[in-house]
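Could you slot chain B onto chain A? The hints should help.
Take a look at the letters that make up each chain.
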Amino acid sequence: MTDAGPHGSVDRVIEVCELTKRYGRTMAVDGLTFTVRPGCVTGFLGPNGAGKSTTLRLTLGLDEPTSGGVTVDGHRFRDHPRGLRHVGALLDAGDVHGGRTAAAHLSILARSNAIARRRVDEVLDEVGLTDAARRRIGGFSLGMKQRLGIAAALLGDPPVLLFDEPVNGLDPEGVLWVRGLFRRLAAEGRTVFVSSHLMREMENTADRLVVIGRGTLIADETLAEFADRGTRRTVHVRTRDTTALAELLTSEGASVRPDGTGGLTVTGLSARRIGELAHRHRHMLHELATRTASLEEAFMELTADSVEYLAGDTR
Amino acid sequence: MTATTPQTSAAAPARPAATPRAARFADLLAAEWLKLWSLRSMRWTFGLTALGLVALNANAALADYQNWPHYDPRIKAVFVPEWSYNDTFTNNAGLVLMLIMGSVGAITVVGEYGTGLIRTTFAAVPARRSVMAAKAIVLTGVTLVYGAVASTASFAVSQAILSGRHLGLPFDYPGAWRGIVASALLAPVCALVGLGLGALIRHSATTMVASAVVLLLLPNMVSEDRRWSAAISHALPQRAWQRLSEVDAVPQHVPYPATVGGAWAVYVLWPLVAVAVALVVVDRRDV
Numbered sequence: 002m003t004d005a006g007p008h009g010s011v012d013r014v015i016e017v018c019e020l021t022k023r024y025g026r027t028m029a030v031d032g033l034t035f036t037v038r039p040g041c042v043t044g045f046l047g048p049n050g051a052g053k054s055t056t057l058r059l060t061l062g063l064d065e066p067t068s069g070g071v072t073v074d075g076h077r078f079r080d081h082p083r084g085l086r087h088v089g090a091l092l093d094a095g096d097v098h099g100g101r102t103a104a105a106h107l108s109i110l111a112r113s114n115a116i117a118r119r120r121v122d123e124v125l126d127e128v129g130l131t132d133a134a135r136r137r138i139g140g141f142s143l144g145m146k147q148r149l150g151i152a153a154a155l156l157g158d159p160p161v162l163l164f165d166e167p168v169n170g171l172d173p174e175g176v177l178w179v180r181g182l183f184r185r186l187a188a189e190g191r192t193v194f195v196s197s198h199l200m201r202e203m204e205n206t207a208d209r210l211v212v213i214g215r216g217t218l219i220a221d222e223t224l225a226e227f228a229d230r231g232t233r234r235t236v237h238v239r240t241r242d243t244t245a246l247a248e249l250l251t252s253e254g255a256s257v258r259p260d261g262t263g264g265l266t267v268t269g270l271s272a273r274r275i276g277e278l279a280h281r282h283r284h285m286l287h288e289l290a291t292r293t294a295s296l297e298e299a300f301m302e303l304t305a306d307s308v309e310y311l312a313g314d315t316r
Numbered sequence: 230m231t232a233t234t235p236q237t238s239a240a241a242p243a244r245p246a247a248t249p250r251a252a253r254f255a256d257l258l259a260a261e262w263l264k265l266w267s268l269r270s271m272r273w274t275f276g277l278t279a280l281g282l283v284a285l286n287a288n289a290a291l292a293d294y295q296n297w298p299h300y301d302p303r304i305k306a307v308f309v310p311e312w313s314y315n316d317t318f319t320n321n322a323g324l325v326l327m328l329i330m331g332s333v334g335a336i337t338v339v340g341e342y343g344t345g346l347i348r349t350t351f352a353a354v355p356a357r358r359s360v361m362a363a364k365a366i367v368l369t370g371v372t373l374v375y376g377a378v379a380s381t382a383s384f385a386v387s388q389a390i391l392s393g394r395h396l397g398l399p400f401d402y403p404g405a406w407r408g409i410v411a412s413a414l415l416a417p418v419c420a421l422v423g424l425g426l427g428a429l430i431r432h433s434a435t436t437m438v439a440s441a442v443v444l445l446l447l448p449n450m451v452s453e454d455r456r457w458s459a460a461i462s463h464a465l466p467q468r469a470w471q472r473l474s475e476v477d478a479v480p481q482h483v484p485y486p487a488t489v490g491g492a493w494a495v496y497v498l499w500p501l502v503a504v505a506v507a508l509v510v511v512d513r514r515d516v
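Quick note, the sequences are listed as chains A and B, same order.
Counting the first sequence from 1 gives a position; the numbering used here is that position plus 1.
Counting the second sequence from 1 gives a position; the numbering used here is that position plus 229.
So that you can see chain A by itself, here it is in the shape it has in the complex:
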């Protein structure tokens, strides 16, 4: 990519290096090191209180790290006099003044960064808020505020974008839209870093994952790698002679347990292999499905030790 993308700069990497932030006695982020690359959507996952928002605030120079640091494009973000053309960010949809209209809010941001006024109308249109442009933000729903925050992030047409829990409050149509938007931004060669505490939000959006828990790094890999390292895939099988099939599969090395509804949950054999075995031994299968919830399970399993706030009886 010689002159690819809208900015001509090749390097759009976010580099987090030994990042540590302590608030009083709480260690919010503890020696985090990872890299976020351009051209793909990177999911930033972790349970509530894992340090995701703190990391993003440190990236934007809003908080000063206790030690270590973050660079974007090789620079500390705070070294830029103006930020919107370098990094677009939605940290909290509530970080607005309810007394202003959406258009006024964006106009102020645009003006401070010498961005043309027409860009305000463009991003409002992009996020579907054109009709609400002259309405005061105080009356917006959370979903509308998220859209406004995304509009603000897009204002400077930046090569790097950060979104903290952007899906919160969006309706199903909005969730689909935002996924498409992230994919498009990544396809344009931008760096897109999206935080969430829910794995399933990332499943259809992210190419790579950075997973943290209690302020430390748990995983930094592709979505496929992440899926493989978690729970082994399970296959759901349903047949007439459950006992006979269970014996057969067990003899082939699988681990089989009843799923409580008359079917079997099988680990250690692929769906394809189970189908072949059943066919050879003349078992008629009513259902044969690989369970797809493994990502969520992998995530839960990985972060189980680092969940900050647990409901009373779950541990």
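Keep in mind that the hints were calculated from the coordinates and are not lab data.
What you are looking at is a predicted structure, and each value in this text was computed from that prediction instead of being measured.
Cβ coordinates follow ideal geometry from the N, Cα and C atoms, glycine included.
Be a bit skeptical, because a hint or two may be false.
[Said to hold, decoys possible] Here are the simulated distance ranges between beta carbons: (1) 461(B) to 199(A): 29 to 37 angstroms; (2) 509(B) to 80(A): 50 to 58 angstroms; (3) 454(B) to 28(A): 55 to 63 angstroms; (4) 509(B) to 70(A): 32 to 40 angstroms; (5) 281(B) to 185(A): 33 to 41 angstroms.
[Claimed, not checked] Partial selection, computed: residues in chain B whose CB lies under 10 angstroms from chain A: (6) 259; (7) 262; (8) 263; (9) 341; (10) 344; (11) 348; (12) 352; (13) 362; (14) 374; (15) 392; (16) 394; (17) 455; (18) 456; (19) 458; (20) 459.
Chain B in isolation, oriented as in the chain A frame:
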């Protein structure tokens, strides 16, 4: 952006120009102006309170106008200029002005911290000191206009009412302009004190209380009968304004009178210190 490609081909760029105009400080001034003026509550505050101040002063003049026939001869003897002068911008109007302007100045800062907007602002403009400086300059400009309008209009209206009894002072009366200017400048002085307190405290309610204490309450708690407490009193904006609004011809029967020069110094130093504090703390703290 360091795209120094000198290509000026006729081909229209598919995207907006990759080398946008660099943002200047003037853009921050414009942004802060929009910020202030895009709030409906702010526009109403300025408009209504300016009218309110003029009305307050006009009312004092009107009372004197109506009561004039019943006044004691001794009062009548000193009415011009002392009483006439007091009606141009009454002490009460001064206190109201200080309270409002202190709050307005505070709101420009704590309004951002309280809502969280400050994070959006600083993510857009990492040069925090520039933001704060732009805020202070815009606030100074707006409140100066406000103060000038309120002060000049008050003078004109009050003196017009009093002139019905031939008690009015003309604009060119000796010292009249000093009073008008002092009342006008009181607005930005207090607004900047509020801004400084807001930047320091960052919490809405606490800032409002602190502003009221410093500007209004403190002057009432220090007497002027000792040298040291008189010095403290004279160093406060409220007392400085009162000194500048007094007519020099009237002798001051106090042991340690405040000086006009000292009062002007207070007018300069308070806002300077307030802005300096704001510029220092805004850069150092997490938001």
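Do the hints match the structure? See the list:
{"no.": "1", "hint": "461(B) to 199(A): 29 to 37 angstroms", "result": "violated, 59 angstroms"}
{"no.": "2", "hint": "509(B) to 80(A): 50 to 58 angstroms", "result": "violated, 19 angstroms"}
{"no.": "3", "hint": "454(B) to 28(A): 55 to 63 angstroms", "result": "holds, 57 angstroms"}
{"no.": "4", "hint": "509(B) to 70(A): 32 to 40 angstroms", "result": "violated, 23 angstroms"}
{"no.": "5", "hint": "281(B) to 185(A): 33 to 41 angstroms", "result": "violated, 54 angstroms"}
{"no.": "6", "hint": "259", "result": "holds, 5 angstroms"}
{"no.": "7", "hint": "262", "result": "holds, 9 angstroms"}
{"no.": "8", "hint": "263", "result": "holds, 5 angstroms"}
{"no.": "9", "hint": "341", "result": "holds, 7 angstroms"}
{"no.": "10", "hint": "344", "result": "holds, 5 angstroms"}
{"no.": "11", "hint": "348", "result": "holds, 5 angstroms"}
{"no.": "12", "hint": "352", "result": "holds, 5 angstroms"}
{"no.": "13", "hint": "362", "result": "violated, 13 angstroms"}
{"no.": "14", "hint": "374", "result": "violated, 21 angstroms"}
{"no.": "15", "hint": "392", "result": "violated, 43 angstroms"}
{"no.": "16", "hint": "394", "result": "violated, 46 angstroms"}
{"no.": "17", "hint": "455", "result": "violated, 44 angstroms"}
{"no.": "18", "hint": "456", "result": "violated, 45 angstroms"}
{"no.": "19", "hint": "458", "result": "violated, 40 angstroms"}
{"no.": "20", "hint": "459", "result": "violated, 43 angstroms"}
Checked against the numbered hints given earlier, this structure breaks hints 1, 2, 4, 5, 13, 14, 15, 16, 17, 18, 19, 20; the rest are met.
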